[in-house]
Structure formats: structure tokens, C-alpha cells
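K.L.:
What follows is the residue order along each chain.
Protein chains: 2
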Amino acid sequence: MGIIPVIISGGVGSRLWPLSRKKYPKPFLPLGESGTLIGATYARAAGLDGVKTIITVTNRDLLHLTDDAYAAVAASGVSNAFILEPFGRDTAAAIALATLHAGQAHGPDAVLLILPADHMITDTAAFAHGVERAEELADQGRIVTFGIPPDRPETGFGYIETDGGDVLGFVEKPDADTAADYVASGRFLWNSGMFCFSAGTMLNALEAHCADILSATRAALEAAQVSTSGDRLDIGVDAETFATVRAHSIDYAVMEKAENLACVPVSCGWSDIGSWGAMAELAPGDGKDNHAGGQAILQGSRNCYVDARDNLVGLVGVDDLVVVATPDATLVARKDHAHAVKDLFAQLEEQDRPEAVEHRTVRRPWGSYTVLEEGAGYKVKRIEVKPGGRLSLQSHKHRSEHWTVVRGVAIVVNGDETLTLAANQSTYIPCGAKHRLENRGEETMALIEVQCGDYLGEDDIVRYDDIYGRS
Amino acid sequence: MGIIPVIISGGVGSRLWPLSRKKYPKPFLPLGESGTLIGATYARAAGLDGVKTIITVTNRDLLHLTDDAYAAVAASGVSNAFILEPFGRDTAAAIALATLHAGQAHGPDAVLLILPADHMITDTAAFAHGVERAEELADQGRIVTFGIPPDRPETGFGYIETDGGDVLGFVEKPDADTAADYVASGRFLWNSGMFCFSAGTMLNALEAHCADILSATRAALEAAQVSTSGDRLDIGVDAETFATVRAHSIDYAVMEKAENLACVPVSCGWSDIGSWGAMAELAPGDGKDNHAGGQAILQGSRNCYVDARDNLVGLVGVDDLVVVATPDATLVARKDHAHAVKDLFAQLEEQDRPEAVEHRTVRRPWGSYTVLEEGAGYKVKRIEVKPGGRLSLQSHKHRSEHWTVVRGVAIVVNGDETLTLAANQSTYIPCGAKHRLENRGEETMALIEVQCGDYLGEDDIVRYDDIYGRS
Chain L
1 MGIIPVIISG GVGSRLWPLS RKKYPKPFLP LGESGTLIGA TYARAAGLDG
51 VKTIITVTNR DLLHLTDDAY AAVAASGVSN AFILEPFGRD TAAAIALATL
101 HAGQAHGPDA VLLILPADHM ITDTAAFAHG VERAEELADQ GRIVTFGIPP
151 DRPETGFGYI ETDGGDVLGF VEKPDADTAA DYVASGRFLW NSGMFCFSAG
201 TMLNALEAHC ADILSATRAA LEAAQVSTSG DRLDIGVDAE TFATVRAHSI
251 DYAVMEKAEN LACVPVSCGW SDIGSWGAMA ELAPGDGKDN HAGGQAILQG
301 SRNCYVDARD NLVGLVGVDD LVVVATPDAT LVARKDHAHA VKDLFAQLEE
351 QDRPEAVEHR TVRRPWGSYT VLEEGAGYKV KRIEVKPGGR LSLQSHKHRS
401 EHWTVVRGVA IVVNGDETLT LAANQSTYIP CGAKHRLENR GEETMALIEV
451 QCGDYLGEDD IVRYDDIYGR S
Chain P
1 MGIIPVIISG GVGSRLWPLS RKKYPKPFLP LGESGTLIGA TYARAAGLDG
51 VKTIITVTNR DLLHLTDDAY AAVAASGVSN AFILEPFGRD TAAAIALATL
101 HAGQAHGPDA VLLILPADHM ITDTAAFAHG VERAEELADQ GRIVTFGIPP
151 DRPETGFGYI ETDGGDVLGF VEKPDADTAA DYVASGRFLW NSGMFCFSAG
201 TMLNALEAHC ADILSATRAA LEAAQVSTSG DRLDIGVDAE TFATVRAHSI
251 DYAVMEKAEN LACVPVSCGW SDIGSWGAMA ELAPGDGKDN HAGGQAILQG
301 SRNCYVDARD NLVGLVGVDD LVVVATPDAT LVARKDHAHA VKDLFAQLEE
351 QDRPEAVEHR TVRRPWGSYT VLEEGAGYKV KRIEVKPGGR LSLQSHKHRS
401 EHWTVVRGVA IVVNGDETLT LAANQSTYIP CGAKHRLENR GEETMALIEV
451 QCGDYLGEDD IVRYDDIYGR S
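Protein sequence lines, in the order shown, are assigned to chains L and P.
Take the first sequence: its letters are residues 1 to 471, numbered as in the working numbering.
Take the second sequence: its letters are residues 1 to 471, numbered as in the working numbering.
Incorrect hints may appear among the rest.
Listed below are the simulated EDC-like cross-link pairs for lysine to aspartate or glutamate, each with C-alpha atoms no more than 20 Å apart in a straight line [as the list claims (entries may be wrong)]:
# : chain 1 : residue 1 : chain 2 : residue 2
1 : L       : K23       : L       : E417
2 : P       : K288      : L       : D343
3 : L       : K288      : P       : D343
4 : P       : K173      : P       : E154
Since the hints were derived computationally from the structure, they do not count as laboratory data.
Take these sequences, add in the hints, and give me the full structure.
P.N.:
Below you can see the structure in the form of C-alpha cells.
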């Protein structure tokens, strides 16, 4: 039985708005050349010696994004268990769920490696070496933390005070002077949020330090809806029971109280990419320290980070800025104030702005749709269906739809008819008609949909049948 | 015979990119509450005492934009003459064209008032008062300049040195120290580019100082295609002849050499809105000196000017910036470097970027189209047709079109059929079919067009008939 990585995927990462959105959170951002952060985390986990199974704890609405991200990195010979939360209850509950499941499935000696889904690690070998050392300590009944030797007096992280391999204490985010003292002392490491322990050790710790969280998550797991498919397990945590779980972080609930802690220092090029400022530091610069991605054009500007993958962005005479342009929202922030993007995001939420929730492109289990325009009485979308993708058999009470295929071949159920439509062919779905869209081809199918009606919300849908369990 | 305003409309105004584009230049920008700059100029001219006719000199491709702008300000009882240049030959030629026409139509004593189409004047009464004084001087055979008392040592303008009402000399854009001396002396006024003179006086001056420009423009005007409609005159200057005209500014060609100059100082809230910095100065600020237009959300930012009429723009912790977001391009510039937007624009032109030429919305005589998306083998547009608007009878060699009406009623010629389509009705125009779109209703008609084909350029069009003379 090798080590069991547990990928914990939660939180929006609102400091990375406008790329991150509530329904498209940080683990799924296409950052860097290696694809998504969660995909890179999965590949890193699957590449560790002896890994046969990986547990992922995530929100159930993010499962199809997770599947896509994992499929993109294609790890062979690894089975997957997905623990699907109906809503977040912080890291103590998430780790309790994973530990309870692993204890049942693999016994109390199974060693778990907790990995946040949205961190970056550039030195995989150093990481793997640290994991080996942690596994030995976990076998000896220790709860192992991974400490990152700090290279700057960062005030955005918690620190672990160590004395050789022993943990003297956890300290919360310090002020600037204290952080500088910490770095100077050499005894303080950043708390990376990665942990390693045996299932039995953690269950004992949860029982000792937050028994209520353990018992409530156990009940939610016992009431879960479980489905298996090949070597894949989906565990849908029961919402009613899970609602009673106290939300608490594993640091507060266990780490600050436990006495059998150990710390493994790892210098593995770790970053939590906590803000656009951190992202900018990771990006290579030109001769003027600018990093200009996409369609950025700079004139007399220095030390700027620009992400213009969708639209042209011109900079004139500016320094030290982060500029991120998406099709519906643009951020302009001073690099050293980039942490305050969180406050801007809070403003957007207060104002119920859709730009806080979703991108113009919304991914679905069958593919995606992109809103091209909304006007009075109409909406225009591009709908893309993956090979094998099949939308639900559905109807609408308030809108008709005009479909024109522009790529691939669509199989369309429209009332009593089934049509095969290639590019440059179209059909009309009258209001109330049962219809369905499917791609049986091997390339992505795309069509342009023009909706007409007095109400055009996504919730005007009656589903009669759905292969993704949404009817 | 009252004074004859001559509105000179030329130049891109590239410092106001991304709002200004080559084919949508500065006079047509929707700046401020009063609509376009050229519309405001026209209204100001029409409102002067005794004005019966207005001459406009502009590029012929901009005529329909000019018509729209003038229609929006609806000046009654004024007849219009449009002198349509095939291309620009600078201000000496433009003024020569207007003066030659006015001299022929109204005699040598007709007094002309030259007004650049892209300046802003906030105190109309002071302006009108200055014009009255200038008219008296023009009647006495003087070429009158309008000088603006400077309120800052601006290095972007030419200055007029005066001694009471007499002009001692014209000086080009000074350096900062010289400009400061000018302002301190009290003898220097900004050269506003507005002039007043009788036709006879200017014809004599042109003959004396740049006879080649006068004779070549006279030839181009004599070869012009002239059409009249009611009290409207359209004079299409002959391209072949006009190409021989030397391009020169009126300042160099005449003003710096003429001896019968006079200067009328006018304090009329004048601005040439020469850059986004100037635009920002005109805009009212909030408590932190921010001017946030449209969907701008600011967090800890000061002294910023944001134009976010189309998209959400979030600012975090930044000062002294200009941010202008359009659907396809965003500018981020330091306010006091905003003049260098011109250099950014030059970069865009070198790179043949479409964002230098047109907006996603392109205006046509019959209305407008907006490109919503372009992909491999397809393009999606919203097409809007004004009441009474009628596209040419046309066909395409490389594309088919799917039309779905979303507002108003479309009259569609499609091959041998004529269809009447209301919202939620559609038709398919096969490749090669003759077709035409018309709006006979009283509200704007809008449809979504999905083009499919192997080539989707605007130049794939065969026009069989066109009410705007384009076939």
C-alpha cells in the first residue's frame, strides 16, 4: 500500500479575479505552461512512488471541471475516489472526510498526503524527496507538516516554528516587523498547507481535538450516495447531515493543539500564487521587467505584468502594474497592492455583479457555452459540444431557439424529428418543443444559438432526460 | 448675407485611441453629454446670429457619420454644403476649397468662419461675442485669428504673439521654459485654429502666398461632381486633380506670411481635447479626484479617469491613470504621459492591427453592423438597419448567411422571393443568391447574421443596386 495523495480543492481565489470566478475558481485557472493548477497537482501526486489511488475532495458542482483537468494530464494506473461536498465546510471537515474514507477503505495504517489543489511547485524531485521523509515520520505516528524556508518576510502566510524536526508551534500571519524577525532567526518556516499522516493518527487527533467535526462528517459520509464505475468511486456527501458540520480550518482545529507534530522542510519552488503580485514574480520578464502575455502592446512602461489573452491591451508610460483583461472584465492594479483585489471582489459580490460568478464562457459536462451578446428579447450564444457530449432532452417555456451549426456535425432531436446537421445548416426550435443536442463525431461541434423570448434566464429549462444526472 | 461657418473635419485624433479609430475619428467620438464634437460644433455654428448656410469640408467616407451627427442636433432653417475630399491634403487645401466655393456662391464679401470639427467650447455666449468682433474685422479686410488666453504653459499648441488687436507673429509649439515665459508675458495666446475672413481677402492671400495650392484646388473643384437635393449641396472633389495639391497647413501656407492679420482673444472654455489627459481635466471628479464612467469599480485609487462604458473595469491601488476600455481594446496610460498614446497608435498601425482602423461596431449609411465573433469558417454579426435604411442588392461568392430577426421588421429579398420577417423569424441566404435587406418600419430593425464560408472578408460583395451610390 503506497501513500495516498488527497487533493483538497476549495475556495475561489478571489485575489486572482478577473481570471478566477466563484464558479471557475483558482485550481482551474490556466496559469503557466502546465495547464491548470489542479491538473499539475494531480500529475505531481500520481508521479510519486507507489501511488495507486488518489482521493479528491471538492465541491460537487466542480466535478466536471476536475474531470477535464485530470483527463488533460492522463495519469495511468491510478484509481480515483472523489468525495463530493455539497458546499464547503473548511479544511478540517474536508480532511476528516478523506481520512474517514481512507481508514475504511485501506485501514488505519494507510498514509495520507494532503495537497491543496491550487499551489505551484516547480521542483518535483525535491518535493518527492520531502514526501518520502514525511511518510517515514507518518509511519511513526507523527502528523507531518511541510515547511517552506522563507525567502522574504511575507505577511500573508502562517509560520511554523521548528527546532530541527520538531514543531515548537504554529503562528498566524505576522506583521511586517515580526515576519522580518522570523526570517532572520532561521527557525521559522512557511506553513504550506500540505500535511502527511496515517489515517489512524489523524482520526485520533480529530477525536481528541474536534470530536464534533469528526462525528458530524462521519454521519455525512455514512449517509452519502456512492457510485462506482470501473476503478472510479464517487462519494456524494449528504447535504442535510453535512450542513451540521462546524466549519473550521485544520490548523486551528488540530495542528495548533496536537503534540505529535513533525516538520519536514522542503525547498521545492513552492508558491500558493496568492495574488497577481505572486503570479508576476513567477513570470519571466523582458529587458524592462515587463511580462506581456497575449495581445499586450507596451510603450514606455516598466515592471508590468499584462495578461491580454483575449483582447488587445495597450500600456503607455506606466510602471509596476498588473493588468488582466478578460472578455467581460479588466483589472488594473498596482503590483504591491494586488492583495486588495480581494476587496474589489467583495465589492462585486455586494453589487451582485455576474463578473464575480462566471465567465462569458461557462463550462458544462458536455462542453461549454459562451454568451456573445444579450439584448432586449434576445441572446446569442456559441455552444460547443465535446465528442460524445449530449445535452439533456429539454424544453423552454419562454424562448425559441435558432441553431446554425458552424463546425462538426450535430445530431438534433427537434420535436418528433431527429436531424443531422453539418456546418452551414440550421434548425428552429419553437418555444415549448422538446429538443436535444448531441455530438457523435470525433471533433468538437460548435453552433450559434439565437434565443428569442420574453425571458432568457438559464433557469427556464425543463429537463426530461440527462446522461449527467441533472434531470 | 450672414457669416458662413466652415466646419473642417480631418485627422484621426490618434491620441484618443482606443475610442478614436482611423475610420471613426475624433470629431465623431461620443464625448461628454452633448453628443459628438462635430455635432456640438455644428449646433454652435448654426446658433450664431444670421447664419443661413454652413459649409462642411470632410472626407467623403465620413459623410454618413457627419449626416448622423448633424441630424442628432437638428438645426432648422440652415442649408448645407458638403465639400467631400477623396483624401486629406491638410488645412490650406481644405480652406481653399471652402473659400473658392463661397466666393462663387455668395460673392467675395461673404465672411467665412473656419471651425475645426473636433474642439470643445463650453461658453457659447463668449464665443458668439468673439465671432461678432471678428466679423467686423473681416469686413475691414483682415484675416482674423482667435487667440485663447493660456491658463498653463502648454507645449502642445502654437502661440500667437499679439500687441492689442494686432498680430506680431505666429510661433510654433515651444519648449516648457519658453511656454512659461509666454504665459508670464501676457502677450501670447494659444492659436485655436479658428479663423474669420472674407472670401475675397483669403483668395488674395492664397494667391499671394501659395498660388499653387489655390490653382490646384480650383481645378479639383471645377472637376467636382455636384449634386443638389432641396437646400443641400454635395460637392465631390475630383480625386485625380486633388491628388496634385500640395499638402500644407494654413498656418505655414498663409498665416505666417500674411500681413493683414488680426487677433480676437476669446475666453470661451476652449479645449482641443488633444489627449486623454485633457479629457480627464474636463471631467468632474469624485472626492478622490477619480472620474469613473460606465462600469468602473475603484478600490483605493486616486486621480484616475476611467471610461468603462462597455465592460467592467476594476482599479486597485492605482493613482494618476487613464483607463479606457472598448469591446476589443483597452488603454492604460499615465495621465501625464497620455500624449504618447500617439506612439502606441503608430505601433498598432505598423502591426496592421484592426483595432487601429475600426471598432467592432462599424457604421454604414443604412445603420451599423457589429462583429460578435469570428471563428474558423464562420462569423457572427448583429446588423442594425435604421428606419428607411436599405442595404444594396448584393450577393457573395464565398459565403452563405443565416439571418434571425431579433427586433423590428425586416423586408428581405432572397433570390426570387420577398419576405417580411419579424422578431424570432429567420431565413437562409445561400452562397451566390441575390439578396437585400430593408427596414420600412419606424423603429430600428436588428438581426443576427451567422456567416458560413471559406472566405469571410467584407470585400466579398457584388453590388447590383445601391441607394447610397455604392454599386
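K.L.:
With reference to the structure, classify each hint as holding or not holding.
P.N.:
Results for each hint:
1. L:K23 <-> L:E417: Violated: L:K23 and L:E417 sit about 35 Å apart, past 20 Å.
2. P:K288 <-> L:D343: holds (18 Å)
3. L:K288 <-> P:D343: At roughly 18 Å apart (the allowed maximum being 20 Å), P:D343 and L:K288 satisfy the hint.
4. P:K173 <-> P:E154: holds (8 Å)
When each numbered hint is compared with the structure, a violation occurs for hint 1 only.
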